[in-house]
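Q: Modelling step: build the complete structure from the supplied sequences, incorporating the hints.
Protein chains: 2
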Amino acid sequence: MEVGFVGLGVMGRYMAANLMKAGHRVTVYNRTNGRTDELAAMGAGVASSPREAAMGRDAVITIVTDDAAVLAVSEGPDGVLAGLAAGALLIDMSTISPETARRVAAAAQTMGAGYLDAPVTGGDIGARDGTLTIMAGGRERDFEVALPLLQAMGRRIVRIGEAGAGQTMKLVANLVSGLTLMVAAEGIALGLRLGLSLDLLNEVLPNSSAQSFEVRKLLDRYGDDAWLPGFSVQNRLKDLRLAVEMAKASGFDLPLAGPALVRYQAHADAGAGELDESSYLRKLLG
Amino acid sequence: MEVGFVGLGVMGRYMAANLMKAGHRVTVYNRTNGRTDELAAMGAGVASSPREAAMGRDAVITIVTDDAAVLAVSEGPDGVLAGLAAGALLIDMSTISPETARRVAAAAQTMGAGYLDAPVTGGDIGARDGTLTIMAGGRERDFEVALPLLQAMGRRIVRIGEAGAGQTMKLVANLVSGLTLMVAAEGIALGLRLGLSLDLLNEVLPNSSAQSFEVRKLLDRYGDDAWLPGFSVQNRLKDLRLAVEMAKASGFDLPLAGPALVRYQAHADAGAGELDESSYLRKLLG
Numbered sequence: 002m003e004v005g006f007v008g009l010g011v012m013g014r015y016m017a018a019n020l021m022k023a024g025h026r027v028t029v030y031n032r033t034n035g036r037t038d039e040l041a042a043m044g045a046g047v048a049s050s051p052r053e054a055a056m057g058r059d060a061v062i063t064i065v066t067d068d069a070a071v072l073a074v075s076e077g078p079d080g081v082l083a084g085l086a087a088g089a090l091l092i093d094m095s096t097i098s099p100e101t102a103r104r105v106a107a108a109a110q111t112m113g114a115g116y117l118d119a120p121v122t123g124g125d126i127g128a129r130d131g132t133l134t135i136m137a138g139g140r141e142r143d144f145e146v147a148l149p150l151l152q153a154m155g156r157r158i159v160r161i162g163e164a165g166a167g168q169t170m171k172l173v174a175n176l177v178s179g180l181t182l183m184v185a186a187e188g189i190a191l192g193l194r195l196g197l198s199l200d201l202l203n204e205v206l207p208n209s210s211a212q213s214f215e216v217r218k219l220l221d222r223y224g225d226d227a228w229l230p231g232f233s234v235q236n237r238l239k240d241l242r243l244a245v246e247m248a249k250a251s252g253f254d255l256p257l258a259g260p261a262l263v264r265y266q267a268h269a270d271a272g273a274g275e276l277d278e279s280s281y282l283r284k285l286l287g
Numbered sequence: 002m003e004v005g006f007v008g009l010g011v012m013g014r015y016m017a018a019n020l021m022k023a024g025h026r027v028t029v030y031n032r033t034n035g036r037t038d039e040l041a042a043m044g045a046g047v048a049s050s051p052r053e054a055a056m057g058r059d060a061v062i063t064i065v066t067d068d069a070a071v072l073a074v075s076e077g078p079d080g081v082l083a084g085l086a087a088g089a090l091l092i093d094m095s096t097i098s099p100e101t102a103r104r105v106a107a108a109a110q111t112m113g114a115g116y117l118d119a120p121v122t123g124g125d126i127g128a129r130d131g132t133l134t135i136m137a138g139g140r141e142r143d144f145e146v147a148l149p150l151l152q153a154m155g156r157r158i159v160r161i162g163e164a165g166a167g168q169t170m171k172l173v174a175n176l177v178s179g180l181t182l183m184v185a186a187e188g189i190a191l192g193l194r195l196g197l198s199l200d201l202l203n204e205v206l207p208n209s210s211a212q213s214f215e216v217r218k219l220l221d222r223y224g225d226d227a228w229l230p231g232f233s234v235q236n237r238l239k240d241l242r243l244a245v246e247m248a249k250a251s252g253f254d255l256p257l258a259g260p261a262l263v264r265y266q267a268h269a270d271a272g273a274g275e276l277d278e279s280s281y282l283r284k285l286l287g
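Those protein sequence lines, which keep their order, are chains L and X. First residue of the first sequence? That's 2 in this note's numbering, and the numbers climb one at a time after it. First residue of the second sequence? That's 2 in this note's numbering, and the numbers climb one at a time after it.
Warning: the hint list may mix true and false statements.
Just so you know, same-sequence chains aren't split out, so a pair can sit in one copy or run between any two.
[As the list claims (entries may be wrong)] Here are the simulated SDA-like cross-link-like pairs (lysine to any residue), alpha carbons at most 20 Å apart as the crow flies: (1) K249 - R32; (2) K249 - R264; (3) K249 - P260; (4) K22 - Q152.
Just so you know, these hints were derived from the structure itself, not from any lab.
A: Structure (structure tokens):
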């Protein structure tokens, strides 16, 4: 297919490359120009605006930072929606609120275009290896059109429901992973403080009922010096906040997410926003 | 070896049976008599006190509910220590505070006996299948003597350090698993409340960075009607409290364990003490 691709961040650059490897013709746009060179060297076209990335394509994919960034690349005279043909498909793979997803979906459908929210989980490694889990919300027929593209970027592709439902699932998954990261850090920090070695924690925790993806990641990264994202503290914080807001809007009490958000905010405020999210473990160790 | 076995609870009954299957001669004691019949039918001897279970044995294993129960079966005229020969070995596999473990260790060593704290993780399934992870604290030579017994009950046997160190590791592991259970329940409950189906949560969460042993267990058990332990709310609560006390004693701040303990206590106070720990998910759903 002819695909526009907007957003060449930690995830997007790999995902666009995987689309090209699967034989799709890709035209990229990124707010900062530097990021486009790598894809252009692989044969991608380069657009000068989101609108231009969308013009004449069968589908355009956006994957940017937050609700405001999605609206910025979607709406307005230079936005994707201004370039998208009736009958074409907008696939937003950012992690944002279900409300914003439904707003963009409505705009796309008004002009006769299709829409999917299709946020992903699996991190930069999953993006690189094409093993992402993708949670899609939108009409069944739009999902079917998108499937070959999604399969080029991920391994497990699940339609959750109508537009916005992919985001609902993603925020639930990220709430669980974010809080799991924090409690895993809390336990590992306590163990280290009490004199248990990293080797012993490595031997026991992943082989006990304490096992989790986040325990594994923290133990693997604790030895590293770099702590560069990966998934940054500020992105993790954004997703926690979106989940808490989504719960609040539905009147559902989240017992631990509230205190967790306060603690993680304090970590970001102390200057860790750009670091990998797992830096929280080092903060606890003081 | 000739082994005394004190405590035939959810875990102990399977562990004693696995010792017998490995060829050891086992004499059991349990506070309530009914539990001994099953083991006696398999050929175990039955003792009328912890002291009698220990007399003349190479090793005696205790696995009971809490610090008070360990002291009750260990000390006093009918306790294990009153029956244990110099040169024999006391292995306590309960989950208790490192302090109490060191107190019993000192008493055993004073009378020339060996001591290991050797708490386990893996639950009733791991106890049944002999796949427990066992975290041992004590002298190297006591660990070596105990190894064939521990290998009959578990798959991964790790010496953590001196007496008490097994408990330190166990409390850290249980802190992480307990908090992971709570945050997993929080996210799953939110998802269900927002209309995501159990099938979809099952498809996505274990294949995302939200993955954990506890997510898997909660999703598996949510469909069940029974909610019988397994691992009970009151036992989970006990372990959380021990971990919080251990952290406090070392001056280490646990950001989320405090609020978590308050919430889980409220769950127990509402009458759930005997239920499986995963009943917390249903409580959140109201």
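Q: Does each hint hold? Answer for all of them.
A: Each hint, compared with the structure:
{"no.": "1", "hint": "K249 - R32", "result": "neither (33 Å within a copy, 49 Å between copies)"}
{"no.": "2", "hint": "K249 - R264", "result": "both (19 Å within a copy, 19 Å between copies)"}
{"no.": "3", "hint": "K249 - P260", "result": "both (14 Å within a copy, 19 Å between copies)"}
{"no.": "4", "hint": "K22 - Q152", "result": "within (12 Å within a copy, 50 Å between copies)"}
Checked against the numbered hints given earlier, the structure breaks only hint 1 and satisfies all the rest.
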